[in-house]
Amino acid sequence: MRNETGSAPRALALGLLILAASARAEKDLSGLTFSAVASSATDVRLTLADSKGKRLGPAGVEVGETPATAGRCVLTAAAADAAPFELRVHAAHTDGTLMNFTLRSFLARGSARRYDVDFDPKPGGALSVVKAVDFGTLAQDLETASRFGRLGGKKFAAELAGMLARGRRARAREAAAALREFVAALNRAAKENSRADAENGRFADVDAVLSLTADAKALSGRLQAAAATGPRAASGTPRP
Numbered sequence: 074m075r076n077e078t079g080s081a082p083r084a085l086a087l088g089l090l091i092l093a094a095s096a097r098a099e100k101d102l103s104g105l106t107f108s109a110v111a112s113s114a115t116d117v118r119l120t121l122a123d124s125k126g127k128r129l130g131p132a133g134v135e136v137g138e139t140p141a142t143a144g145r146c147v148l149t150a151a152a153a154d155a156a157p158f159e160l161r162v163h164a165a166h167t168d169g170t171l172m173n174f175t176l177r178s179f180l181a182r183g184s185a186r187r188y189d190v191d192f193d194p195k196p197g198g199a200l201s202v203v204k205a206v207d208f209g210t211l212a213q214d215l216e217t218a219s220r221f222g223r224l225g226g227k228k229f230a231a232e233l234a235g236m237l238a239r240g241r242r243a244r245a246r247e248a249a250a251a252l253r254e255f256v257a258a259l260n261r262a263a264k265e266n267s268r269a270d271a272e273n274g275r276f277a278d279v280d281a282v283l284s285l286t287a288d289a290k291a292l293s294g295r296l297q298a299a300a301a302t303g304p305r306a307a308s309g310t311p312r313p
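The sequence shown begins at 74 in the numbering used here and counts up one residue at a time.
The reader is advised that the hints may include incorrect statements.
[Stated by the list, open to error] Ranges of calculated distance between the beta carbons of each label pair, as one might list FRET restraints:
| hint | residue 1 | residue 2 | range |
| --- | --- | --- | --- |
| 1 | A122 | G197 | 38 to 46 Å |
| 2 | N260 | S108 | 26 to 34 Å |
| 3 | G197 | A231 | 21 to 29 Å |
| 4 | R182 | E232 | 18 to 26 Å |
| 5 | R253 | K100 | 48 to 56 Å |
| 6 | S108 | D168 | 17 to 25 Å |
| 7 | R253 | N173 | 17 to 25 Å |
| 8 | D123 | A151 | 30 to 38 Å |
| 9 | S201 | A151 | 39 to 47 Å |
| 10 | R242 | T302 | 15 to 23 Å |
[To be verified] Lysine-lysine pairs mimicking DSS-like chemistry, simulated, CA-CA at most 30 Å apart:
| hint | residue 1 | residue 2 |
| --- | --- | --- |
| 11 | K204 | K125 |
| 12 | K125 | K227 |
| 13 | K264 | K204 |
| 14 | K100 | K125 |
| 15 | K227 | K290 |
| 16 | K228 | K264 |
Because the hints were derived from the structure by calculation, they are not lab data. C-beta: ideal position from N, C-alpha, C; glycine also.
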């Protein structure tokens with residue numbers, strides 16, 4: 074007669090070992106990729122670097138290859154010629170959950186834009202892609218939007234540029250006020266939004282307004298926070 078004593082514990086132990094091996098073998102599905110599409114003939118070049126400036130590679134480089142590891146990196150978009158463009162972000166958490174979104178922006182001729190990226194690949198982890206903005210980049214984006222017919226006419230574009238120039242020269246509190254005026258003017262133009270409006274000669278398409286107002290609000294928020302720290306707060310010129 075066969076002795077069955079201890080067979081159940083051995084079977085349980087074997088089952089636990091199989092489950093543990095399966096868990097170790099479970100594939101990490103996390104990743105982070107970027108792509109850019111310009112609405113002109115120019116190519117937008119994307120490069121990725123870690124938080125210490127070490128280059129990770131061109132567009133499509135994966136970040137967060139190990140589970141439960143938060144990643145911070147810097148994405149740079151550059152183009153030889155001016156162009157409106159879309160930055161498309163595709164992220165996957167370790168469990169394969171996908172996050173996709175698009176950011177619309179502008180590039181001046183020979184310029185570059187920086188995006189600070191924070192990605193936690195754990196299931197449910199956060200992803201943020203924040204564009205670095207100052208009065209100089211905002212003025213360049215405004216000029217590019219005007220050049221490509223995304224807003225106008227010339228008088229209106231000049232008025233908006235004047236608001237930014239005024240804010241750039243001002244201290245933090247007054248600079249934030251100039252940005253609020255800039256945002257309000259764009260929103261009014263978006264509501265009118267008629268390229269044939271002969272009466273006031275101003276228009277702005279929705280994408281241009283969304284991009285420019287988002288950047289202006291981000292810069293305004295930074296300036297307001299700076300103003301709250303005391304009278305030594307600086308204007309919108311980036312710190313070294």
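Tested hints:
| no. | hint | verdict |
| --- | --- | --- |
| 1 | A122 - G197: 38 to 46 Å | violated (26 Å) |
| 2 | N260 - S108: 26 to 34 Å | holds (30 Å) |
| 3 | G197 - A231: 21 to 29 Å | violated (47 Å) |
| 4 | R182 - E232: 18 to 26 Å | holds (23 Å) |
| 5 | R253 - K100: 48 to 56 Å | holds (49 Å) |
| 6 | S108 - D168: 17 to 25 Å | holds (23 Å) |
| 7 | R253 - N173: 17 to 25 Å | violated (32 Å) |
| 8 | D123 - A151: 30 to 38 Å | violated (18 Å) |
| 9 | S201 - A151: 39 to 47 Å | violated (21 Å) |
| 10 | R242 - T302: 15 to 23 Å | holds (20 Å) |
| 11 | K204 - K125 | holds (18 Å) |
| 12 | K125 - K227 | violated (42 Å) |
| 13 | K264 - K204 | holds (26 Å) |
| 14 | K100 - K125 | holds (28 Å) |
| 15 | K227 - K290 | holds (24 Å) |
| 16 | K228 - K264 | holds (18 Å) |
When the structure is compared with the earlier hints, violations turn up for hints 1, 3, 7, 8, 9 and 12 and for no others.
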